[in-house]
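Q: The chain contents come next:
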Amino acid sequence: MKQIKFIFTGPPGAGKTTAIATISEFPPVSTDVFSTDSLSKLKDTTTVAMDFGQITLENGQKIGLYGTPGQRRFKFMWDILIQGGLGLIVLIDNRRPEPFKDLAMYLDNFSEFIEKTDAVIGITCIDIKDTPTLDDYQDFLKERGQIYPSFAIDARNKDDVLFLLNTLLTCLETS
Amino acid sequence: MKIKKGKLAAFFGFKSQNQEESTEQKSLPVTDKPIDFGEDIHTEQPAVIDSAIADSKATEPVAINSENLLEPSTEIEEKTVEVEEKATVADPLEVEATNTEFKMATPEPTMDYEHEEEHLIVNYSKEQLAVSEEKLEEFMRVCPGAYGVLISTVDGHELLYLVKRDIPVHKISTMNSSLLALGESIARESSQKLCQFVILENSDGRVVSLRINDILMLTCISSKDTNLGMLLSVGRNTAGDLMKILS
Numbered sequence: 001m002k003q004i005k006f007i008f009t010g011p012p013g014a015g016k017t018t019a020i021a022t023i024s025e026f027p028p029v030s031t032d033v034f035s036t037d038s039l040s041k042l043k044d045t046t047t048v049a050m051d052f053g054q055i056t057l058e059n060g061q062k063i064g065l066y067g068t069p070g071q072r073r074f075k076f077m078w079d080i081l082i083q084g085g086l087g088l089i090v091l092i093d094n095r096r097p098e099p100f101k102d103l104a105m106y107l108d109n110f111s112e113f114i115e116k117t118d119a120v121i122g123i124t125c126i127d128i129k130d131t132p133t134l135d136d137y138q139d140f141l142k143e144r145g146q147i148y149p150s151f152a153i154d155a156r157n158k159d160d161v162l163f164l165l166n167t168l169l170t171c172l173e174t175s
Numbered sequence: 001m002k003i004k005k006g007k008l009a010a011f012f013g014f015k016s017q018n019q020e021e022s023t024e025q026k027s028l029p030v031t032d033k034p035i036d037f038g039e040d041i042h043t044e045q046p047a048v049i050d051s052a053i054a055d056s057k058a059t060e061p062v063a064i065n066s067e068n069l070l071e072p073s074t075e076i077e078e079k080t081v082e083v084e085e086k087a088t089v090a091d092p093l094e095v096e097a098t099n100t101e102f103k104m105a106t107p108e109p110t111m112d113y114e115h116e117e118e119h120l121i122v123n124y125s126k127e128q129l130a131v132s133e134e135k136l137e138e139f140m141r142v143c144p145g146a147y148g149v150l151i152s153t154v155d156g157h158e159l160l161y162l163v164k165r166d167i168p169v170h171k172i173s174t175m176n177s178s179l180l181a182l183g184e185s186i187a188r189e190s191s192q193k194l195c196q197f198v199i200l201e202n203s204d205g206r207v208v209s210l211r212i213n214d215i216l217m218l219t220c221i222s223s224k225d226t227n228l229g230m231l232l233s234v235g236r237n238t239a240g241d242l243m244k245i246l247s
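Going down the list, the sequences are from chains V and D. Numbering follows full-length UniProt numbering, in which position 110 of the first sequence is assigned residue number 110; successive positions increment by one, without gaps. Numbering follows full-length UniProt numbering, in which position 110 of the second sequence is assigned residue number 110; successive positions increment by one, without gaps.
To be clear, the hints were calculated from the coordinates, so they are not data collected in a lab. Please note that the accuracy of each hint is not assured.
As the list claims (entries may be wrong) - Over the 12 Å line for every Cβ pair with chain D, so calculated as not near, a few chain V residues: (1) MET1; (2) GLN3; (3) ASP32; (4) PRO69; (5) GLN71; (6) ARG73; (7) LYS75; (8) GLY84; (9) GLU112; (10) ILE114; (11) GLU115.
What the hints assert, rightly or not - With a cut-off of at most 25 Å between alpha-carbon atoms, the simulated SDA-like pairs for lysine to any residue come out as follows: (12) LYS2(V) to GLU189(D); (13) LYS171(D) to SER111(V); (14) LYS2(V) to GLN61(V); (15) LYS62(V) to VAL29(V); (16) LYS75(V) to GLY183(D); (17) LYS62(V) to LYS171(D); (18) LYS5(V) to SER203(D); (19) LYS43(V) to VAL142(D); (20) LYS171(D) to LYS2(V); (21) LYS43(V) to ILE215(D); (22) LYS62(V) to PRO27(V); (23) LYS5(V) to ILE186(D); (24) LYS62(V) to GLN3(V).
By construction, the Cβ of each residue, glycine as well, lies at the ideal position given by its N, Cα and C atoms.
Based on the provided sequences and hints, a complete structural model is requested.
A: Laid out in structure tokens, this is it:
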């Protein structure tokens, strides 16, 4: 049975590595190194190549979980990682100064991929900073003429991350 | 379409979904205040000297002395960057000196959206950088086929480099940081220990990447005029020297 490949993307610190580690059935492959730029104020390490984990459905279907580096300077890795992918999970850190810009940037850069597949959006840290709200995100997407399921999630919570995957699978099945 | 959480749960049954999860709560960095990556913070660019870019056929590295390095008009006295909340605003540096064939590097202007955390926090003195630069020059002298040597951070920012050809240093720094991290991960997954080199063997040259220390790496780019053994040996020695200088 061919492995399904899902890609996690989003800005640095949004929880991509954590989300994959939360649901992967084996310790994920990580390429984290020390941050040497402003990001180090937020976190000590950053992903520079990819994260890789895996989860198996009850029917035996394996889903490969690939995390991208968040910084746009690693766009070459984004282009590599989406090859063969079936869906995109965009995690947005609500604490960032301009989360809509973050979202727009990732949707724009992955637009071709999303057109062929599908995407879901997980908003993290909305419990720490409650604006913009989920409704604001929906309005923003509507203005862009894009409709994607959006949820507030905690990347450390297995049910939350699985729910994103479930939703993405559902979207793919029904599209 | 807004799908409320819970409606689609268990639509596809994950093995673990119906079980009581013992979720490992890995702590995420939490701050009490909104994170500001400081879009308005502009610090000086990394101390990168791009020598001889104009002359792709040069056979010898263009000497860059400390006078060049500290050229007042280039405003690179504070070449190393220390990010502070109230860093001073500096104009983008793009200084090209006639006849000296060096210029300050700038980040590639490809960002349509600037949220990059490009401001290095590593802080090295002018003396450290000058001595490091001498080591790079020495590397180029000893390896006649070498046409590029770069010191960059492990997360992909170039710090100091010397090149004889017009190569995209910023891209190479970033891509090699990914490559080295992947190499180290593959070594770990293969139950092997310290990854010493990541070697790209190409039809007309080689690219060798290795760590200097926890936060810095060295990339050596050479034609086949220098054999691999020599490149690895000199690269290792240079990295060892740089480790001492930039400790």
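Q: Give a verdict on every hint.
A: Verification of the supplied hints:
1. MET1: 14 Å, holds
2. GLN3: 15 Å, holds
3. ASP32: 8 Å, violated
4. PRO69: Given a closest Cβ separation of 7 Å, the condition is violated.
5. GLN71: 6 Å, violated
6. ARG73: At about 5 Å from chain D, ARG73(V) fails to clear the 12 Å cut-off, so the statement is violated.
7. LYS75: 9 Å, violated
8. GLY84: 18 Å, holds
9. GLU112: 16 Å, holds
10. ILE114: Nearest chain D Cβ is 15 Å from ILE114(V), so the label holds.
11. GLU115: 17 Å, holds
12. LYS2(V) to GLU189(D): The given pair, whose Cα atoms are some 23 Å apart, holds under the 25 Å limit.
13. LYS171(D) to SER111(V): Holds, at roughly 23 Å.
14. LYS2(V) to GLN61(V): 8 Å, holds
15. LYS62(V) to VAL29(V): Distance of about 16 Å is within 25 Å: holds.
16. LYS75(V) to GLY183(D): 19 Å, holds
17. LYS62(V) to LYS171(D): Given that 25 Å is the threshold and the Cα spacing comes to 34 Å, the pair is violated.
18. LYS5(V) to SER203(D): 33 Å, violated
19. LYS43(V) to VAL142(D): Judged against 25 Å, a Cα distance of about 40 Å means the pair is violated.
20. LYS171(D) to LYS2(V): 34 Å, violated
21. LYS43(V) to ILE215(D): 15 Å, holds
22. LYS62(V) to PRO27(V): 15 Å, holds
23. LYS5(V) to ILE186(D): Judged against 25 Å, a Cα distance of about 20 Å means the pair holds.
24. LYS62(V) to GLN3(V): The given pair, whose Cα atoms are some 5 Å apart, holds under the 25 Å limit.
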